[in-house]
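Chains as they are written, first to last, in our numbering: chain W, 99 to 211; chain C, 8 to 121.
Some clues are possibly wrong.
Stated by the list, open to error - With a straight-line Cα cutoff of 30 Å, these simulated BS3-like cross-link-like pairs (lysine-lysine) come out:
#1 W:K168 / W:K136
#2 W:K136 / C:K18
#3 W:K198 / C:K18
Since the hints were derived computationally from the structure, they do not count as laboratory data.
For clarity, every value in this text was computed on a predicted model and none was experimentally measured.
Each chain is listed here by its residues.
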Amino acid sequence: AQKVTQAQTEISVVEKEDVTLDCVYETRDTTYYLFWYKQPPSGELVFLIRRNSFDEQNEISGRYSWNFQKSTSSFNFTITASQVVDSAVYFCALSKNDYKLSFGAGTTVTVRA
Amino acid sequence: DTGVSQDPRHKITKRGQNVTFRCDPISEHNRLYWYRQTLGQGPEFLTYFQNEAQLEKSRLLSDRFSAERPKGSFSTLEIQRTEQGDSAMYLCASSARAITGELFFGEGSRLTVL
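Generate coordinates for the entire structure from the input sequences, incorporating the hints supplied.
Laid out in C-alpha cells, this is it:
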C-alpha cells in the first residue's frame, strides 16, 4: 500500500518569509514517482514537479525548491520569499505509475501581506 | 480556453437521483482520469482511460458509478441512486504521453446530495 503524510495542516506566514512543507511517504515499490501539486482557491490542481525514485537530486525552480531524501522517505518543498499569490493548498502525491496518484491530505498555506 | 473543462460545475440533487458529469480533456491528450475529492482531503483516484479503453477502476467506484469515454474524446461519469456520502468534488484530468508525468486537471464538478 502507498501512503503520503503531510503532517502540517495549515501554515501561515508573512510575505517574504520562507515556508517549508513536509511530505513523508510509504511504499514497498522500488520504482515510484513523487509529485507536488498546488490547488489555489479556484480549485484547479496545478502540477509543480515530478521526481522518480532513482533521482535524488534536489531541484530548484525560481522560488520553489524540492529536497528528496530516500533515506528518510521524504520529499519536502520550500517556497522562498513567499508571496500572497502562493496562498493555496499544496498536495504531495506518490505513484508507482504515472496516473494513479495517492495524494496526501494537503497543507494550506496562507501568506499574509 | 484549451484546458480541461468539466460540466456542470455545481450540482445539487436529492438522495436517490441519478447525476451525470461530463469532462472534455485537452484535445490532443489520449489519457483521461477521474478523481474524487472530499472536503479537507486530497483527491482519490477513481478510474483511468487510455483512448476509449477503461484500463483501471478503483474499489471506490461502486456499482452505482459508471464512467465512459466513447470514441476516446470526452468522458462522462454517472452516479446512480445518489447517497449523501457521494457529496464531493469530482475532478477530471488528462495527459498525453507520460513524459513529465503532468496531469492537467479541470476545475471540478461539485456534487451536493441532500
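Hints, verified against the model:
Simply put, W:K168 and W:K136 have alpha-carbon atoms about 23 Å apart, close enough for the 30 Å limit, and the pair holds. Between the alpha carbons of W:K136 and C:K18 the distance comes to roughly 24 Å, so the proposed pair stays at or under 30 Å and holds. With a CA separation close to 26 Å, the supplied pair W:K198 and C:K18 stays within the 30 Å bound.
Violated hints for the displayed structure: none, as all numbered hints are satisfied.
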